[in-house]
Amino acid sequence: MFMHRLTAAARSMQQLMTALLLMLLLSAPVAGTADDAQQTEYRIKTAFLYNFSRFVSWPEAALQNRSEFSLCTLGSTPFGEQLDTLTGKMVHGKALVVKRFDRPADTLDCQLVFIGQSDEPDEALWILKERPVLTVSDAAAFTEKGGMIQFRVIDNKIRFRINVDAARAAGLTISSKLLSLAISVTGAR
Amino acid sequence: MSTEKDGGQPAREKCRLITSLASFARRTIKGILAGILVTPSAQAATLDSVLPDDLTDMSMEALMDIEITSVAKKPQKQSAAAAAIFVITNDDLRRWGVTNVPEALRRVPGIDVARIDANKWAITSRGFNSRFANKLLVLIDGRSVYTPLFAGVYWDNQDVVLQDVERIEVIRGPGGTLWGANAVNGVINIITKSAAATQGDMLAATAGNEVKGIGVARHGGKLKNGVDYRVYAKYSDYDDGYSSAGAHDDWRTGQLGFRSDWVQTEHDQITLQGDYYQGKSGQQVNIPTGPAGLPPTTIDQVVDDTRSDGGNLLFRWSRKLDSSSDFALQVYYDHVGIDGEVLYEDRDTFDIEFQHRFQWREAHDVVWGFDYRFTHDNTDNNPTFELAPSSRSVNLYGTFIQDEISLRDNLHLTLGTKLEHNDFSGVEFQPSARLAWAMSTAQTLWGAVSRAVRTQARGEDDVLLRLVPPPAADPGIPVYAEGNNDYDAENLVAWELGYRLNYNNAWSVDVAAFYNDYDNLRTLDPAMDSGPPPSVRLPFDNNMSGETYGLELASQWQVRPGWRLNASYSWLEMQLHLDSNSTDTASRASEDASPTSKAAIWSAVDLGHNLQFDAALRYTGDIEVNGVDIDSYVEADLRIGWEVRPGLELSLIGQNLLDSQHPEFLPDFISTQATEVERSIYGRVAWSF
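So the sequence lines, in the order shown, correspond to chains A and B. First residue of the first sequence: 1188, per my numbering; consecutive thereafter. First residue of the second sequence: 14, per my numbering; consecutive thereafter.
Just so you know, these hints were derived from the structure itself, not from any lab. Treat the hints loosely; a few may be bogus.
What the hints assert, rightly or not - Below 27 Å or equal to it, Euclidean Cα-Cα: the simulated BS3-like pairs (lysine-lysine) are:
no.	chain 1	residue 1	chain 2	residue 2
1	A	1316	B	235
2	A	1332	A	1316
3	B	225	A	1344
Unchecked claim - Non-contacting residues of chain B with respect to chain A, defined by C-beta distances greater than 12 Å in every case (computed):
no.	residue
4	69
5	163
6	179
7	209
8	211
9	213
10	276
11	393
12	548
13	555
14	635
15	673
To be verified - Here are the in silico distance ranges between beta carbons for each label pair:
no.	chain 1	residue 1	chain 2	residue 2	range
16	A	1328	B	216	25 to 35 Å
17	A	1374	B	373	44 to 54 Å
18	A	1314	B	280	22 to 32 Å
19	B	248	A	1286	39 to 49 Å
20	A	1374	B	575	24 to 34 Å
21	A	1366	B	403	55 to 65 Å
22	B	78	A	1225	49 to 59 Å
No residue lacks a Cβ here, since even glycine has one placed at the ideal position from N, Cα and C.
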């Protein structure tokens, strides 16, 4: 008897599920803004840029006379308007602002620069060398060329490499937490 | 037995395909009629995407866990998938204190793990457990380790360096649409870390009473041209299980391997990896002897060291074409060698798979692909185990397509099918429809209906296996399980429903319910062969149908920072029905070989001072295997871990602590001595530098 009821319950579950499926088949497909992979990737990277700002310390002189913390991009990047969600967040006691530049020389006053993939990173790195600006990029071999943090997508997840020597030369201190999460750290800890 | 493999097949195949299509259509129409009655309650849902709006609130560790793009074929976030998924992370493997893959699967809801002896396991998903459990597909880095000889997995040959495992994805329910035949009740994907994530050196040693010793050495580095690589060696030595008559099931295995990953640009990723292993697995096997027809059959107890060796080489190239499209090409070669008193198999497999994913008209995310597998075996006949022909090549080819349709932002319908041809049953059709509704950022409701098939194993076609006769049988007459060329594929239509809740990342619960409707299940219908000499033949046949249904639950509660509690529970009912013409007396016993309920609860605490304390309680309900009752049991596992300094960890682990020994399962087909699982205590040192 009990078994019969269970079987009956299972049958009605089967019907319910068909109903659910059907419900949706009958409703007209609405082309949604599919949260496509690239958008998700850069949403996550946006959150990482914010975390990098928090887990890196700038020399006092670099932040002293500033009212804001400038997070900049150089060249075209796939971030779109994502980055603007960071505007106004407090980082090291300053309000974060997002700035977009095309010429490397304009980024000298930034605290963090994301260097777009389309640009040749070498010139920007040469200009920013040993200045207290945290350099981040997707570009291949970025850390080998003197960049500080390079994003990598491994097994569909965001990872990053750190060149700790380059950061140190610029007077930046990268927290041990950030270092422990990096897939590789170049230079002496 | 006839050696003709294909004569008369095509017409029958077509007929069967039409019948199964018709039956599928009939049920669907019945369901649609039922559905119309319920439709008025359809409501437009609030739109929320699956990821929280503000990712800056998430920890970096959590951010690093998000998959950008599925479950192997197309990556997606676990919480959004329209399937019952449980993921074992690398951290879980360490904290659970497990030493191999079967042990790691014990806590997974819906998965039944039972040890037969120290080196043999019966592992299944959603019922039908046996050493040769045939409805669960297992892949290591995309390479199938399901043996086509007898169906099932030689678990003692599937060693991996647990420290280098990225995660183990356990998908319960049919996966035939993406993975093809034999992914009937589940798929286990063991995924190792990319070489870029295992840079540096690692040494690990484990020793104790049951785990006599496991040693691992791994070196990860980077070549000048940017190729990341790792090489490793692993040796494992396990003690006997317990038997009052004395056990002979100790085993050893040694494995060497490498993996290299080359990310040339951000668009191309090339992986080349390989492993080679040798093992020796002890057993005591009961061999019926005595010339047929001359009573009595005597049973020789033979102590046998089954030797195995195998290796594989896998190449994978994936290219990202743009933000929403990519393709992947995978090719592998795999060798398996088993040389035991009864089982002998020497097999080479070559496999090629291609898949392409693209977006079409914004709302459609399409993935399609094709694959081909060639497998060739050589076997060595003996009086107990004979295959005719003794050597055979088998081809498998197929194609699949799946479309994930964004009906709304938070509503995804996935339709797909696999069409596959195998040399035994011909064309098999494995469609599925899955629907996921992200009710809010915290909740997902999903449902699925799918068809899957379990295709014939070579043994079911070709074997003559002399069985140990049951005690009541006439000892003078030998009994054989016999392959049958007319034996057909088993099939399933599965209905699933699931719900996930993630409350503030502090509490999560994942519930899945299923109703499985099987047809053409395997039976062994005894028939007298008057000989001479006379014998009892048990040819494989398809005279059983059945329904199973059940519920699985997994929950996690972050009690406070540094303390996590987890629980899992599974409930399973099975009802098998023999066809009226069947004389089978054994196959329905599968109903009782899987526990009705199974539960686990575990805690992971960070005590401070770099100390970790882990504890688990596991319950498995009573079962009956081949007429023998096996009691339910409760076991406890404990671990204390101390991170002496970054990279150096000492841990002390106890497994199965509540009993000095307990039985879990019994063998079938090949009568080996079953042994009990003993209390195990061991220490582990792991040093990364």
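Taking the hints in turn, this is what the structure says about them:
1. Taken as a hint, the residue 1316/A and residue 235/B pair is honoured in the structure, with Cα atoms around 26 Å apart against an allowance of 27 Å.
2. Distance hint between residue 1332/A and residue 1316/A is fulfilled; the C-alpha atoms sit about 11 Å from each other, no more than 27 Å.
3. Between the alpha carbons of residue 225/B and residue 1344/A the distance comes to roughly 37 Å, so the proposed pair goes past 27 Å and is violated.
4. At roughly 5 Å, the least C-beta separation between residue 69/B and chain A is not larger than 12 Å, which violates its mark as non-interface.
5. At the 12 Å boundary, the C-beta of residue 163/B stays outside the reach of chain A, the nearest C-beta of that chain being 31 Å off.
6. Consistency note on residue 179/B: stated as away from chain A, yet its beta-carbon is not over 12 Å from all of that chain's, at 6 Å minimum.
7. Remark: the non-interface label on residue 209/B conflicts with the geometry, its nearest Cβ contact in chain A lying 6 Å away (cut-off 12 Å).
8. Not every beta carbon of chain A lies more than 12 Å from that of residue 211/B, the smallest distance being close to 9 Å; the non-interface claim is violated.
9. Not every beta carbon of chain A lies more than 12 Å from that of residue 213/B, the smallest distance being close to 9 Å; the non-interface claim is violated.
10. Not every C-beta of chain A lies more than 12 Å from that of residue 276/B, the closest at about 7 Å, which undercuts listing it as non-interface.
11. For residue 393/B, the requirement that its beta carbon stay farther than 12 Å from each beta carbon of chain A is met, with the minimum near 41 Å.
12. Remark: the non-interface label on residue 548/B is consistent with the geometry, its nearest Cβ contact in chain A lying 38 Å away (cut-off 12 Å).
13. Taking the minimum C-beta to C-beta distance to chain A, about 22 Å, the non-interface status of residue 555/B holds against the 12 Å cut.
14. With a closest Cβ-Cβ approach of about 19 Å to chain A, residue 635/B is found to remain outside the 12 Å limit, as its non-interface label requires.
15. The Cβ of residue 673/B lies farther than 12 Å from every Cβ of chain A, with a closest approach of about 38 Å, so its non-interface assignment holds.
16. As the Cβ distance of residue 1328/A to residue 216/B is approximately 30 Å, the hint placing it in 25 to 35 Å holds.
17. Taken as a hint, the range 44 to 54 Å holds for the pair residue 1374/A and residue 373/B, whose Cβ atoms sit roughly 46 Å apart.
18. Between residue 1314/A and residue 280/B the Cβ separation comes to about 28 Å, which falls inside the hinted range of 22 to 32 Å.
19. Between residue 248/B and residue 1286/A the C-beta distance comes to about 57 Å, which lies outside the given range of 39 to 49 Å.
20. A C-beta distance of roughly 31 Å is found between residue 1374/A and residue 575/B, which places it inside the suggested range of 24 to 34 Å.
21. Separated by about 59 Å at the C-beta atoms, residue 1366/A and residue 403/B satisfy the suggested range of 55 to 65 Å.
22. Distance hint check for residue 78/B and residue 1225/A: the Cβ-Cβ separation is about 19 Å, which falls outside the suggested range of 49 to 59 Å.
Taken one by one, the earlier hints fail for this structure at numbers 3, 4, 6, 7, 8, 9, 10, 19, 22, listed in ascending order.
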